[in-house]
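Q: Protein chains in written order, with the numbering used here: chain B, 58 to 167; chain R, 5 to 178.
Calculated directly from the structure, the hints in this document are not laboratory data.
Fair warning: this is a prediction, and the values are worked out from it, not measured in the lab.
Treat the hints with caution; some may be incorrect.
Unchecked claim - Capping the alpha-carbon separation at 25 Å, the derived lysine to any residue pairs in SDA-like fashion look like this:
no., chain 1, residue 1, chain 2, residue 2
1, R, 46, R, 81
2, B, 133, R, 111
3, R, 29, R, 5
4, R, 23, B, 149
5, R, 77, R, 13
6, R, 23, B, 146
7, R, 6, B, 155
8, R, 141, R, 53
9, B, 98, R, 156
10, R, 141, B, 75
11, R, 155, R, 105
12, B, 85, B, 95
13, R, 29, B, 156
14, B, 133, B, 95
15, B, 85, R, 112
16, R, 131, R, 155
17, R, 61, R, 126
18, R, 141, B, 89
19, B, 85, B, 100
20, R, 23, R, 142
21, R, 155, B, 89
22, B, 133, R, 140
23, B, 133, R, 105
24, B, 98, B, 149
25, B, 132, R, 16
26, R, 6, R, 163
Unchecked claim - Each pair of labels, with its calculated beta carbon distance range:
no., chain 1, residue 1, chain 2, residue 2, range
27, B, 84, R, 43, 35 to 45 Å
28, B, 155, R, 6, 15 to 25 Å
29, R, 82, B, 74, 45 to 55 Å
30, B, 158, R, 83, 48 to 58 Å
Idealized CB from N, CA, C, for every residue including glycine.
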Amino acid sequence: MRTKQRYLLVETSNEVHEIHAFTEQLYKGIIEISGQLGYHKINPKVIEFAGNNLFIIKASLSGVGELIRALTFLKKVGNSEVAFFTLRSSGTLRALREHASLLGKITVRL
Amino acid sequence: MKYYDLVANSCEVSGDMAKRLGFEKIFRAGIDIKLIDVDIEKGTSCDDCIAYGANKKRLATLASSGARGIAIKDMRGDGRLLDIMSENDCILCVPTNIFTSSTGIERSKLIYRAEILLNVARKKHIKVSFISVAESKLHMCSYMQLIEIAKLIGANEQFARSSISTVNKELLVK
Chain B
58 MRTKQRYLLV
68 ETSNEVHEIH
78 AFTEQLYKGI
88 IEISGQLGYH
98 KINPKVIEFA
108 GNNLFIIKAS
118 LSGVGELIRA
128 LTFLKKVGNS
138 EVAFFTLRSS
148 GTLRALREHA
158 SLLGKITVRL
Chain R
5 MKYYDLVANS
15 CEVSGDMAKR
25 LGFEKIFRAG
35 IDIKLIDVDI
45 EKGTSCDDCI
55 AYGANKKRLA
65 TLASSGARGI
75 AIKDMRGDGR
85 LLDIMSENDC
95 ILCVPTNIFT
105 SSTGIERSKL
115 IYRAEILLNV
125 ARKKHIKVSF
135 ISVAESKLHM
145 CSYMQLIEIA
155 KLIGANEQFA
165 RSSISTVNKE
175 LLVK
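Pulled out of the complex, with its shape left as it was, chain R reads as follows:
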């Protein structure tokens, strides 16, 4: 199986490092694919991009206007947003950097919310992708670590592996 990951623009990764971590390729946001932070940027159209943020209305607008993936920053699910994502065949991205960069109770709450979000997404037949979106080397993960995070929030082994290989390929490779 070939695995793929996405890191933030600020994180430089060599091909050798990607191979060592078990990935076929590690993509960079802003270079290989557009990553829009909806809490900062105000645009309404987003073809072939990943929308990232906590504002559900903005995320829903972008999901209906052609976004490839939606990443919910605070991991709080929203029924309307998930319905729109399901209708538009939009991928739910789970950025693992929010778990690695938080600590203590804050991290526990995020894991709990992510578990609920993943459950609802699976019931609505939304594809789920796990990406690190690491801003520095400190928050990067190997493919084994991404699989274990996916399992931590309720995915089984097969689902976790396909999320990191097939779904990530669909999300990141044009």
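So that you can see chain B by itself, here it is in the shape it has in the complex:
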């Protein structure tokens, strides 16, 4: 059975250059804030990056609120301080890609 997903368009305060290392550190940060059980409920996955400071992350429908809270409280990824701003949420990727392109960013799939 397919579970319902929700996609979030997230902006970072700093530019991200090493995408894979950043993504791994981001998952670790979410585990630190939400705990292992919360992480299981969120089931996050970074889908694609748009430019150097925007990315789309997927979460399960029931865990999307938890993910927004975790991103609000997460202020450090790896060794650098960074803030996350959730700009928009949608049930489809297309809507977020369109919004990202309105902001002048072209998405790059991971």
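Chain R: place on chain B using the hints.
A: Quick look at chain R alone, frame taken from chain B:
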């Protein structure tokens, strides 16, 4: 719905950034509205300002002398202060920067106290406002994040949205 937020004087926000974060306008303390830290400043009158601090006696004095909003720094409720706020139609401000700038057990305790404070305020029919009061870009939030913080401390979706739009407008727009 139009959402509004307040940041500290030290945090510069462009109109474009405010729109991107989902706010109609982000106000700056000290420029758009006066923010008095009662633990430092000693004045007793405060027309159309927001009083901020942990000293309940000083907060109660300012609430009765015309403060628009009261923000309790340590999130510890005080029955007398909340009664005065209720009588004077004073708004209870919840500054979310205290949650984002603290960590670990300290943050958990603040969330727990805020939950109790919000419950009591709602029982006393005090309006509640959620503002970021971010001192830097690092502690700023989008409107979605403010709503989620409000929900974390016990507000429902409708209450959270109206706190950030209607109540924040009443608090910040003259």
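Q: Confirm or reject each hint.
A: Verification of the hints:
no.: 1; hint: R:46 x R:81; verdict: holds, 22 Å
no.: 2; hint: B:133 x R:111; verdict: holds, 16 Å
no.: 3; hint: R:29 x R:5; verdict: holds, 12 Å
no.: 4; hint: R:23 x B:149; verdict: holds, 22 Å
no.: 5; hint: R:77 x R:13; verdict: holds, 17 Å
no.: 6; hint: R:23 x B:146; verdict: holds, 15 Å
no.: 7; hint: R:6 x B:155; verdict: holds, 22 Å
no.: 8; hint: R:141 x R:53; verdict: holds, 23 Å
no.: 9; hint: B:98 x R:156; verdict: holds, 16 Å
no.: 10; hint: R:141 x B:75; verdict: holds, 22 Å
no.: 11; hint: R:155 x R:105; verdict: holds, 18 Å
no.: 12; hint: B:85 x B:95; verdict: holds, 12 Å
no.: 13; hint: R:29 x B:156; verdict: holds, 20 Å
no.: 14; hint: B:133 x B:95; verdict: holds, 19 Å
no.: 15; hint: B:85 x R:112; verdict: holds, 20 Å
no.: 16; hint: R:131 x R:155; verdict: holds, 16 Å
no.: 17; hint: R:61 x R:126; verdict: holds, 21 Å
no.: 18; hint: R:141 x B:89; verdict: holds, 22 Å
no.: 19; hint: B:85 x B:100; verdict: holds, 12 Å
no.: 20; hint: R:23 x R:142; verdict: holds, 17 Å
no.: 21; hint: R:155 x B:89; verdict: holds, 20 Å
no.: 22; hint: B:133 x R:140; verdict: holds, 15 Å
no.: 23; hint: B:133 x R:105; verdict: holds, 11 Å
no.: 24; hint: B:98 x B:149; verdict: holds, 20 Å
no.: 25; hint: B:132 x R:16; verdict: holds, 19 Å
no.: 26; hint: R:6 x R:163; verdict: holds, 14 Å
no.: 27; hint: B:84 x R:43: 35 to 45 Å; verdict: holds, 39 Å
no.: 28; hint: B:155 x R:6: 15 to 25 Å; verdict: holds, 23 Å
no.: 29; hint: R:82 x B:74: 45 to 55 Å; verdict: holds, 49 Å
no.: 30; hint: B:158 x R:83: 48 to 58 Å; verdict: holds, 54 Å
Checked against the numbered hints given earlier, the structure satisfies every one of them.
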